[in-house]
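Engineer: Residue strings, one per chain:
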Amino acid sequence: MSETPYAVEMKDIVIRFPGVLANDHVNFTLKKGEIHALLGENGAGKSTLMNVLSGLYKQTSGTIKVHGEVVHFNSPKDAIDKGIGMVHQHFMLVPTQTVTENILLGLNEPRFFMNMKKLNQKIRDLQDQFGLRVDPEAMIWQLSVGEQQRVEILKTLYRGAEILILDEPTAVLAPQEIDDLMVTMRSLVDQGKSIIFISHKLQEVKIVADRITVLRKGVVTAEGLPIAGMDRRKLAQLMVGRDVVFSVEKKDQEPGDVVLSVRDLKALNNRGLPALRGVSFDVRQGEIFGIAGISGNGQSEIAECITGLRPAQGSIMINGLELANASPSKAIKANVSHIPEDRHRVGSAPDLSITDNTIMKCYREDPIGNGVTINRSNARDYARKLKDAYDILAPSVKTVVRNLSGGNLQKVILAREISSDPQLIVAVQPTRGLDVGAIEAIQTLLLAQREEGTAILLISEELEELFSLSDRIAVIFDGEIMGVVDPKTIDIDSIGLMMTGTRLENIHNQVEASS
Amino acid sequence: MNLPYNIRFEKRSSDNPWWLPVLTAVGSVTLAFIISGLILKLDGGQPLLVGKFFWNATFGSWPTFSDTMVKATPLILVGLACTVAFKMKLWNIGAEGQFYMGAFFASLVVLVPIVPLDSPKFVLIGSMMIMGMIGGAIWGFFPGYLKAKFNVNEIITTLMLNYVAILWNNYWIFDKWSDAGFQMTPMFPKSAWLPRLADYARTYKAFSGITIHLGVIIGFAAALLVWWVLERSRWGYEIKLIGDNPDAARYAGLNITRNIILVMMFSGALAGLAGMSEVGGVVHRLQERISPGYGFTGIIIAWLAKLNPFAVVLVSVLFGALIVAGREIQPSGIANLLQGIILFMVISSDVLLRYKIRIVREEPATA
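In order, the protein sequences belong to chains A and B.
Numbered per the working numbering, the first sequence spans residues 1 to 515.
Numbered per the working numbering, the second sequence spans residues 1001 to 1367.
Take these hints with a grain of salt, some might be off.
What the hints assert, rightly or not - No farther apart than 20 Å at their CA atoms in a straight line, the calculated lysine to any residue pairs in the SDA-like style are these:
| no. | chain 1 | residue 1 | chain 2 | residue 2 |
| --- | --- | --- | --- | --- |
| 1 | A | K333 | B | G1253 |
| 2 | A | K65 | A | V14 |
| 3 | A | K361 | B | W1235 |
| 4 | A | K398 | B | T1064 |
| 5 | B | K1205 | B | L1353 |
| 6 | B | K1011 | A | K65 |
| 7 | B | K1356 | A | L393 |
To be verified - A few chain B residues that don't get close to chain A, going by computed Cβ distances all over 12 Å:
| no. | residue |
| --- | --- |
| 8 | A1032 |
| 9 | L1048 |
| 10 | V1115 |
| 11 | G1126 |
| 12 | V1229 |
| 13 | L1254 |
| 14 | R1285 |
| 15 | V1360 |
Said to hold, decoys possible - Simulated DEER-style distance windows between Cβ atoms:
| no. | chain 1 | residue 1 | chain 2 | residue 2 | range |
| --- | --- | --- | --- | --- | --- |
| 16 | A | R384 | B | I1035 | 41 to 51 Å |
| 17 | B | K1041 | A | K398 | 38 to 48 Å |
| 18 | A | G278 | B | L1225 | 44 to 54 Å |
Treat the hints as calculated values from the structure; they're not laboratory data.
Treat the numbers as computed from the prediction; the structure is a model and nothing was measured.
By construction, the Cβ of each residue, glycine as well, lies at the ideal position given by its N, Cα and C atoms.
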């Protein structure tokens, strides 16, 4: 009997964009029923390669075989017909439609009449099969990022995908959800599906993948190696070509006066349901106060209340100034900087230049604005200064930020927020979706601010990040704080218990009860 | 499809050089003329003769060029009105109604009268300009307020207010101010006419028959003002920021509600100024159909000009010429044909700005 053909075999793939060689003779193979991790920094060409496999782009040269048969994809539909489904990093969902409607979008069935009840049930059955829970009748805009991702996965499964491409699926998930996703991935593979798992999170790759291919700057540095026998340091080296410092240096220092004091904060989420049920905490000068929790437990709402973007009940004092229910401009005037969760939708204006994006919060003041006009040359100088100081890679400050990579866009936002000399920085997922180098740069910048005496509220779903940066960590569950802990003394298990709804004071009792 | 080569559209990932939009705009208008010529030729016409006629009727001599500029004047102002609103992604398609309200309010100065009719010319005309802008601004305020406070779709409200404004005008000219039963008010006194170059023909012989009036200066000044507001002022920065990403604007502490209302009023005031310029500079009375759809043409002009105030002036002159040519050339459909083809060309040339087109040989290896 001849050898079983690979589920996917990509040979000598070259993908050229104007001025960029995104993939240079890349080989990639996927066996049936395996999880194959595709590792690489941002811009290494992982997503590009997979966009070719899913029919979005066409390769400049090279061949693709699916189940041993040479294929030519002209559109994503061709790829779907061959059983290849991709879950993109940026979700492709219609916000004003329901989960079910999004899953059915673009399909030929049902043709005309939509029996929503039956279809919703069908989606629920699919969810049960793979353990991907999300209310089929909810509108997409009402869902958390994690839930939206589940919809994307369901979408490909509903289309009968045999080969799933997951483009950095864990970047948006909470630890608990990541575990769930891994269980889901395993059960998918057990049912005969094959998965390509794009990631740059080494520990996850180690846990879940069978084999691994590493890309660096469009070139394969490790081709289909078994994951066993790889350690994190080795993988990191293949990815970035140098040793990576995993934990940034944090100096010991005593925090100063209280800058932010939140008392009994209550707020509703976008669906009008309670998101915060009485949250209280303090953040001091020169302190990074982390908030941990599974996504959708009220973290985003805390940040929005403090920065004036969401109506709130209770008290938010910043240096003695009441800011609950204030406007964003009041918060800015109180020297609160905000690194928003969504850098594309909230943090930047995509079609405006780097200059216009860096002056977003200081265009009213000297030397850029005088109340009536904007001094264009001062604005440009200011932007140039930030571009150099924060090492933003772009042809010039005239470049529209839509053309920047995620890491460089985040640096533009950080440069803007830090250079305003803030009293308080509210940083939400500041390193989400960035590559190792950019993460390190961003984290170093935040720590430098801490040393300068700025109070920092860090909301993150990366426990590793919270542990290496925070002085104290509050764990939030369902709009309530389960406890505030010291990252130096707490263990991960306790944090996990708190993230799933056990209060800190009850953890001890539980441990006693179980022993 | 088995061509030996492939035509490929590649997204432009970096910024376009400044000359590229200019080149594509000029190129597409030229191409439009060539295609129109070919159509005329196929129909047995003489494209070169028509072209010569077109030129003579529009730019060929000072008097005809002046006719073109007179037609371009209201177009410049409504084009700017749409540009300002569109920059903030406010779809004001009510420039037509704001034009009529501007004309109505400007006429009030003479018809009420608001200032004594024997006041000096600059007082009369100054008041008419201010009243014209107020009229248009009020007509922009209502949809702006509804949009800002209750998120009412401005496309619907501005569109409907067009008809209200036209009917409101009709009420006054059919009934209250009707001149001996005609659907028009009595002629304004000469002191309320915008000065024309022809008025100075006695002193300067060359000016005789040149009907260009003060409105064109107002139009140029407005273009300069709009450019300054959008490119140099703090408000213009806010308009662009809100237009590009309202969520980011809110996050940056901007007052979006206030800006929506202000921009709609500014847009309305510009369109109102166009109405004032028409009653004060061309018809010299308030009457029915003072606009053959200028407000709607303004939408097209703003788009063709890619929301650039100076390009609005150029496009308006071209459209003014097309209106004049339509009057002179028989059948008048030829001008419409040309206008349509220009539109097609300019809109499709957008592809060249967003994509690079490359022709590549198919590599035999992949076949």
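Engineer: Against which earlier hints does the structure fall short, listed by number upward?
Structural biologist: 4, 5, 6, 7, 12, 13, 15
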